[in-house]
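Which chain is which? The protein sequence lines are A and D, in order.
The first sequence begins at 1 in our numbering and counts up by one.
The second sequence begins at 1 in our numbering and counts up by one.
Please keep in mind that the hints were generated in silico from the structure rather than gathered at the bench.
Fair warning: this is a prediction, and the values are worked out from it, not measured in the lab.
Just so it is clear, CB atoms sit at the ideal spot from N, CA and C, and this is done for glycine as well.
A couple of the hints might just be wrong.
[Said to hold, decoys possible] Derived contacts from chain D toward chain A, CB cut-off under 8 Å, selection only: (1) Gly39; (2) Tyr193; (3) Lys211; (4) Asp243; (5) Asn249; (6) Gly258; (7) Leu311; (8) Phe312; (9) Ile376; (10) Gly406; (11) Ala414.
[Unchecked claim] List time: in silico DSS-like cross-link candidates among lysine-lysine, alpha-carbon distance up to 27 Å: (12) A/Lys188 - D/Lys387; (13) A/Lys186 - D/Lys408; (14) D/Lys492 - D/Lys547; (15) D/Lys155 - A/Lys263; (16) D/Lys408 - A/Lys83; (17) D/Lys536 - A/Lys283; (18) D/Lys561 - D/Lys86; (19) D/Lys373 - A/Lys283; (20) D/Lys536 - D/Lys569; (21) D/Lys183 - D/Lys146; (22) D/Lys390 - A/Lys12; (23) D/Lys383 - A/Lys83; (24) A/Lys213 - A/Lys244; (25) A/Lys283 - D/Lys230; (26) A/Lys12 - D/Lys387; (27) D/Lys380 - D/Lys442; (28) D/Lys29 - A/Lys283; (29) A/Lys263 - D/Lys230; (30) D/Lys408 - A/Lys12; (31) A/Lys283 - D/Lys155.
[What the hints assert, rightly or not] Covered stretches of chain D, as calculated for chain A (at least 3 residues, CB under 8 Å): (32) 161-169; (33) 227-238; (34) 363-375; (35) 416-429.
Each chain, letter by letter, is given below.
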Amino acid sequence: MFTQNDYRSSIKPIFCPGCGDYGVLAALTKAMLDLQLDPDNTVLVSGIGCSSSIPHDLKVYGIHGIHGRLLPVAEGVKFANKKLTVIGAGGDGDGYGIGLNHLIHAIRRNVDITYIVMDNEIYGLTTGQASPTSLMGHKTKTSPFGVIEKPINPIALALAAGATYVARGFSGEPNHLAMLIENGIKHKGFALIDVQSPCVSFNELNTYDWFRKRIYKLEESGHDPSSFAKAMEKAVEFDLDNSKFPIGLFYEKEGNTYEELDKAEQQGAIADTPFPTGSDVLKVLEEES
Amino acid sequence: MESVSVRIGGANGDGIDSAGMMLARIFKKLGYWIFAFRGYQSVIRGGVVWYQVRLANEKLYTYGNEVDILVALTKEAIEESMSLVKAGGLLVYDSALPNTAGRQEIKMLPLPLTELAIKAGGSIYRNTVAIGAICKLLGIDSNAAKDILLARFKKNPDVLESNSKAFDLGYGSLGDEKRGIIKLPEPGNAGKYLLNGNTALAIGAYAAGCKFYAAYPMTPASSIMEWFAKHEELGVFFKQTEDEIAAINMVIGASSAGVRAMCGTSGGGFSLMVEALGLAGMIEVPIVVVESQRTGPSTGLPTKTEQGDLLFVTHASQGDFPRIVLAPRSVEECFYLGAKAFNLAEKYQCPVIVLLDLFLSEHIESVDIDPGKVSIDRGKIQKEPIKDFKRYQITEDGISPRSIPGTKGLAFVAASDEHDEYGNLISDVLVGMPEYAELRKKMHEKRLRKLETMLKNNDIELPMVINEGAEIFIVTFGSSTESSTEALELLKERGINAGLIAFSYLHPMDSEKIKKILEGKRLVDVECNATGQLAKLIAMNTGIIIKDKVLRYDGEAITSKEIADGVEKYFRGV
Numbered sequence: 001m002f003t004q005n006d007y008r009s010s011i012k013p014i015f016c017p018g019c020g021d022y023g024v025l026a027a028l029t030k031a032m033l034d035l036q037l038d039p040d041n042t043v044l045v046s047g048i049g050c051s052s053s054i055p056h057d058l059k060v061y062g063i064h065g066i067h068g069r070l071l072p073v074a075e076g077v078k079f080a081n082k083k084l085t086v087i088g089a090g091g092d093g094d095g096y097g098i099g100l101n102h103l104i105h106a107i108r109r110n111v112d113i114t115y116i117v118m119d120n121e122i123y124g125l126t127t128g129q130a131s132p133t134s135l136m137g138h139k140t141k142t143s144p145f146g147v148i149e150k151p152i153n154p155i156a157l158a159l160a161a162g163a164t165y166v167a168r169g170f171s172g173e174p175n176h177l178a179m180l181i182e183n184g185i186k187h188k189g190f191a192l193i194d195v196q197s198p199c200v201s202f203n204e205l206n207t208y209d210w211f212r213k214r215i216y217k218l219e220e221s222g223h224d225p226s227s228f229a230k231a232m233e234k235a236v237e238f239d240l241d242n243s244k245f246p247i248g249l250f251y252e253k254e255g256n257t258y259e260e261l262d263k264a265e266q267q268g269a270i271a272d273t274p275f276p277t278g279s280d281v282l283k284v285l286e287e288e289s
Numbered sequence: 001m002e003s004v005s006v007r008i009g010g011a012n013g014d015g016i017d018s019a020g021m022m023l024a025r026i027f028k029k030l031g032y033w034i035f036a037f038r039g040y041q042s043v044i045r046g047g048v049v050w051y052q053v054r055l056a057n058e059k060l061y062t063y064g065n066e067v068d069i070l071v072a073l074t075k076e077a078i079e080e081s082m083s084l085v086k087a088g089g090l091l092v093y094d095s096a097l098p099n100t101a102g103r104q105e106i107k108m109l110p111l112p113l114t115e116l117a118i119k120a121g122g123s124i125y126r127n128t129v130a131i132g133a134i135c136k137l138l139g140i141d142s143n144a145a146k147d148i149l150l151a152r153f154k155k156n157p158d159v160l161e162s163n164s165k166a167f168d169l170g171y172g173s174l175g176d177e178k179r180g181i182i183k184l185p186e187p188g189n190a191g192k193y194l195l196n197g198n199t200a201l202a203i204g205a206y207a208a209g210c211k212f213y214a215a216y217p218m219t220p221a222s223s224i225m226e227w228f229a230k231h232e233e234l235g236v237f238f239k240q241t242e243d244e245i246a247a248i249n250m251v252i253g254a255s256s257a258g259v260r261a262m263c264g265t266s267g268g269g270f271s272l273m274v275e276a277l278g279l280a281g282m283i284e285v286p287i288v289v290v291e292s293q294r295t296g297p298s299t300g301l302p303t304k305t306e307q308g309d310l311l312f313v314t315h316a317s318q319g320d321f322p323r324i325v326l327a328p329r330s331v332e333e334c335f336y337l338g339a340k341a342f343n344l345a346e347k348y349q350c351p352v353i354v355l356l357d358l359f360l361s362e363h364i365e366s367v368d369i370d371p372g373k374v375s376i377d378r379g380k381i382q383k384e385p386i387k388d389f390k391r392y393q394i395t396e397d398g399i400s401p402r403s404i405p406g407t408k409g410l411a412f413v414a415a416s417d418e419h420d421e422y423g424n425l426i427s428d429v430l431v432g433m434p435e436y437a438e439l440r441k442k443m444h445e446k447r448l449r450k451l452e453t454m455l456k457n458n459d460i461e462l463p464m465v466i467n468e469g470a471e472i473f474i475v476t477f478g479s480s481t482e483s484s485t486e487a488l489e490l491l492k493e494r495g496i497n498a499g500l501i502a503f504s505y506l507h508p509m510d511s512e513k514i515k516k517i518l519e520g521k522r523l524v525d526v527e528c529n530a531t532g533q534l535a536k537l538i539a540m541n542t543g544i545i546i547k548d549k550v551l552r553y554d555g556e557a558i559t560s561k562e563i564a565d566g567v568e569k570y571f572r573g574v
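Put together the whole structure using the sequences plus the hints.
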């Protein structure tokens, strides 16, 4: 039986007091605890940014890589040893800006990893530049007259790319978020959990209050997460008029994972397959010549 | 050395490649050593392509400076290659071609290649008609040749029938007086396998337990990924990725999870990998990166060779971190260094770059390979739980114990930020405090100490030296080694006692030992790039300046004749 102590490290998080990412850390810890995940069989991969420091706050295996590349690293871990639980965690700049290409392809592959994006609509660690999800008109250090490009809609984008689990959470609702993460980890295939996670230091627009006034839960509104059309309808509510938008599970469906379809993976975890013998190599050489 | 070279030229889409490969297979079966190379272009139809196959009864080092038989399917192919036909050699060409001007000293042999091919089933069989004619000219028994040729088409009876007919028509198009007019040497005890550098490298990696290959298509590295794609039944995972950034990051993930992993690309793709190369250096994850160079800068000449990325790969990415750079000197070494790279990567927990180039990746050689020579050393892997596990422990040799996810009680975070011995960051709230400034130095020195350790352990091999007592030495590396070896023979014929110093381990360099090897010798630098990058690297490491250089950078591999001419010029001081 694993307890809270088996998951939380003694490192003090670098998050500012009041940062939304505390909520994500709490929710992730709760999800792991509820699922009784073995921390030694769990790999948490992150990129660069405030939120990407999260592996240090937990006692799991962590890879705190470079900006925007956490997904390929996480995929590499999963493809190498599919017995491990692999979770990715990073920010909106990391996942929807510099690393967006990888997100679309990870979704296409339906690799069995859970990806949590702590989306604060701002570049926090670099002290307040516009991010790919900053709203039109948002005044930041790099958009002093207001942002003039449309924000990425990660939910609609993930649905369009064929994602099999798409959810949005809110740091101010850690229990609801923990449920989304837990189900995301249980989901066979790629799970995207976009978390609206306020930056209290550099985003004066998208505050806790701003979110609380606007969000409602899909689970309480009779949404059917098995319907792609309904999911898309809900996803674009944010674009139509962000005076009201949902959190919760937009969409979930069964599908083959990359690991299930790949010829090498079908033979077992790659990490476990034996090294070739000399005669195996000779056979390959003969065939080649 | 007695050798025979055959070159077949035509347009893209004429099946020149498969004809060349087929000739190589036929010659191999007869017991000859083979060296073959092709010239091609970045187009799918048209243009000029050629394939040159050389055979001998002893080991060959080049595909030959001249040819005995040139078979040309197009006018352009005649123009491109006719000057290569040696005096007394043959130019076989399609008699349908207009106004073919010849050369006095070579024999012209027009044959109705297209007409015969159409009789056999279509003009696409011109290449097989040509094979038939070549076999006749070389006096090869038609049944022996056809056995090998037709084995390829067993699954497709129609194609088999047409190819059989095309071969017979080609063979029969020449009278018996032409049989064997080009004399073959007696067959010898040739190398068992016919491989190009990329395939040898892929099989070497497989032999070493590489079970993960990720790449994005890029000439001339793509055939490595195609090999892995074809062999997933061996339990080796292959992933074609969205870009090279994903490829190297996946490899870092896979290796972190304990699987020997490799990615491969050319210079352009390597440029994209550079940031992650530093990540592997910082978090001390063993990875193998293949960089098969082509003519740069930028897109350059995508189907042509160069050794222009040496200084790039030895220095790529920000900051100082240990890496190893290997440049195989032959197809055989592609196998052995492809395997060795994984031991070095895991022993020293750092990136190992294997530097090939288009010429080495794509030319074919007869090789003998003994998989028994491949040994496995996985380095310091901590498997049992220990108290106070320090993944990045400061050690005398700079190498720390590594744990693999899934191992009980040894979890840690691998961080691209500067970190302490446990992997905890010292880059944010602690940075700048005197104690942590000191720790940063210690961690940095720990990593860099691995470079000294690998030299101390003699894991970085010194260059091969041929003819220690020579009067003048060629200094070269990687794929220019074989033509340099052959140049020694040419120089000997010209009365020059030349030697060779050829590097396959380029980084790190043991300055003192290399200095001792080079000092007091007359040196000529031979490389396929415009600025003499090896000479620069040597100067940087040893202070020895090699002024005399023979460089080629038009996209072709440097030939033994060019090397011999260049060295002779310096030797005679003219």
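Does the structure keep A/Lys283 and D/Lys155 at a Cα separation of 27 Å or less? Given that 27 Å is the threshold and the Cα spacing comes to 22 Å, the pair holds.
For the pair we were handed, A/Lys12 and D/Lys387, check the Cα-Cα distance against 27 Å. Holds, at about 22 Å.
Restraint outcome when D/Asp243 is required to lie within 8 Å of chain A by C-beta distance: With Cβ-Cβ at 7 Å, under 8 Å, it holds.
Given the hint that D/Lys408 pairs with A/Lys12, test it: the Cα-Cα distance must not exceed 27 Å. holds, 24 Å
Proposed proximity, A/Lys83 with D/Lys383 (alpha carbon, max 27 Å): holds, 18 Å
27 Å limit on alpha-carbon distance, applied to hinted pair A/Lys263 and D/Lys230: Distance ~10 Å between A/Lys263 and D/Lys230 Cα, so the pair holds.
For the pair supplied as a hint, D/Lys390 and A/Lys12, is the alpha-carbon distance within the 27 Å limit? holds, 19 Å
For the hint on D/Gly258, does the least C-beta distance to chain A fall short of 8 Å? holds, 5 Å
Holds or violated: D/Lys561 to D/Lys86, with C-alpha atoms at most 27 Å apart: With a Cα-Cα distance of about 14 Å, the restraint between D/Lys561 and D/Lys86 holds, given a limit of 27 Å.
Can the hint on D/Asn249 be confirmed by a CB-to-CB distance to chain A that is less than 8 Å? Interface hint status for D/Asn249: holds (4 Å vs cutoff 8 Å).
Given hint D/Lys387 paired with A/Lys188 - CA-CA distance at most 27 Å: Roughly 35 Å separates the two Cα atoms, so the pair is violated.
For the pair supplied as a hint, A/Lys213 and A/Lys244, confirm whether the alpha-carbon distance does not exceed 27 Å. Answer holds: A/Lys213 to A/Lys244 is near 8 Å, not above 27 Å.
Hint compliance for this structure: hints 1, 7, 8, 12, 17, 32 are not met, and every other hint is.
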